[in-house]
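K.L.:
With chain X held as given, fit chain C onto it using these hints.
Protein sequence lines correspond, in order, to chains X and C. No gaps in the numbering here: position 128 of the first sequence is 128 in the numbering used here, and each next residue is one more. No gaps in the numbering here: position 249 of the second sequence is 249 in the numbering used here, and each next residue is one more.
Since the hints were derived computationally from the structure, they do not count as laboratory data. Given the structure is predicted, the values throughout are model-derived calculations rather than measurements.
Simulated coverage check for chain C against chain X, where a stretch passes if three residues somewhere in it have a Cβ under 8 Å from a Cβ of chain X: (1) 231-240; (2) 243-254; (3) 273-286; (4) 297-304.
C-beta: ideal position from N, C-alpha, C; glycine also.
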Amino acid sequence: MVKRIPLSLVILALVAGCSSGVKLNDVPVEDKSATSTAGVGAGSGAGAGGSSKGGVTPVDIGASSANAAGPANVARIIYFDFDSYSIKPEFQSLIEAHSRFLKANPNRKVVIEGHTDERGGREYNLALGQRRSEAVRRSMGLLGVTDNQVEAVSFGKEKPAVQGSDEAAMAQNRRAEVSYR
Amino acid sequence: MKSERTASVPATVLPSPSHLQRRTMLAALAGTSALPALAQFRVEVTGVGLTQLPIVIAPFRGEAQSPQKIAAIVQADLERSGQFRPVDAAGAVLDETSRPDMGVWRQKAADALVTGSVSRLADGRFDVRFRLWDVVKAADLGGQSYVVPQGDLRLAAHRIADFIYEKLTGEKGVFSTRIAYVTRSGGRHTLWVADADGENAQAALASPEPIISPAWSPTGTQLAYVSFESRKPVVYVHDVASGRRRLVANFRGSNSAPAWAPDGRTLAVTLSRDGGSQLYTIDANGGEPKRLVQSSSIDTEPAFSRDGKSIYFVSDRGGAPQIYRVGVGGGNPERVTFNGGYNISPAPSPDGRWLAYVSRVGGAFKLQVMELATGNVTSLTDTGEDESPSFAPNSRLIVYATQLQGREALMTTTLDGKIKARLAGKGGDIREPDWGPFQAQ
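Pulled out of the complex, with its shape left as it was, chain X reads as follows:
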């Protein structure tokens, strides 16, 4: 069923209908597109025949900075069980080694990067990864590392260490990385 036409449109149609004798080709066509400001800069969407509406200026980010060196011969990754942020005993010595290094070098800083496997939502996984990185930061704090040397952040499921959806891959991705900056 075609719905009823609003009265205003009927009037519009009547008004339009009154312009009898005016050929379509003679209808003045209002053109505001030339005054568009939307395509400022190097908008990539402009085609031939003028700039288009809704232009978008692209921003390109360069490579991110590399890691700085930490203590020699100390692993940097702590792995976690599924749905867990408790630090398993086998990673205690790793955390102790980094903590000793940080206490000996009070001007050095680390970022603990928490990660999750691929299951679940991106933002919720970001929060879960944050729990992992904060667990590591708390452990370091208990070992005497000052708070301003350690920042806990999360990448959620955005930067898996390995691709794949099997349990072996996902176990590799549930982790916290100690990253010297």
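P.N.:
Leaving out everything else, chain C in the frame of chain X:
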């Protein structure tokens, strides 16, 4: 939310052809083969008993010489809405000046007919014209002309679809709105701004690090998002036309999940600066964040209700992630989801009637929609990796990310789940859609 006009391409109302002379052009075009309108999208229809308006979109005269096939774009738009069923134009040669023989179209059980033309002007722009007919009443429902550069031919087609949709359903169309989404391809992460059908994508941001959670400002000019370019999650607000960006939340720890208040002045965000993932509000220009709720649990994914008075969010305070609602002034959160042990990513509809979200059901992540007045929940998909739902500004469609044949894809669905369409998009993995508002200008 402010109600805004949708006409950003200047439109001229066409006079009715009833008083016009028949154009000799038609005779000249009779020899040109009229191409059938090819649907560009796979629109998947499930279920029966749908009430869809049968409509003929005749090929636009001159379309063969146009870089964009206007009739096909209009038809795909209308089909995706779930409210229309295309009827084959069967080689009809018509344009906006024609006075079509309605008997022919009534026999084909069409209720509406669209005719039009596209022609290249001397200055390189295109003049796109159309007319909509009520076949049943043999009534002219109006027509318009759009003079656009080549880059806006698709936009003109979307405007035509909006005109038709509004005229025949009484509601505003969303075809000329924009969506944002993110792709990952070859180690590059790109934030795109595209037409509502996923086409005409333009890169707003390219980065070697992930980008998540894009969110359109209420005016549709800015995107808030989370970028990991400084190797931690930080919230930016990005003016897409100029490319100017500003840091809004770059506190110690993680900064994520930006959500605009309907007035566009405030963002709700998740910060871990005081330990744990907690909700704050912050001025859209930056400044000191204000704590919204305080808990020892995860609180994240805030989303403002349409009236701006409350915020939906996800919390595991009950032991598993569920959706809650709290007043913008804080207070006691009230639980909203009760089915299942994992409900995330709340997306309230602009009309305030619905809440879309993702629920884990037997190991699969599935898009749900709840009618807020009754609490009734409908599961909308048969896929198992659904993410990031976002409502169209007319509350009639939801865009979401999912996986199809092992690849990430963006889909739209009607609220009954019966009409789904896969959106076009750039190559690589495609995710994190956010549907923008009705456009001003």
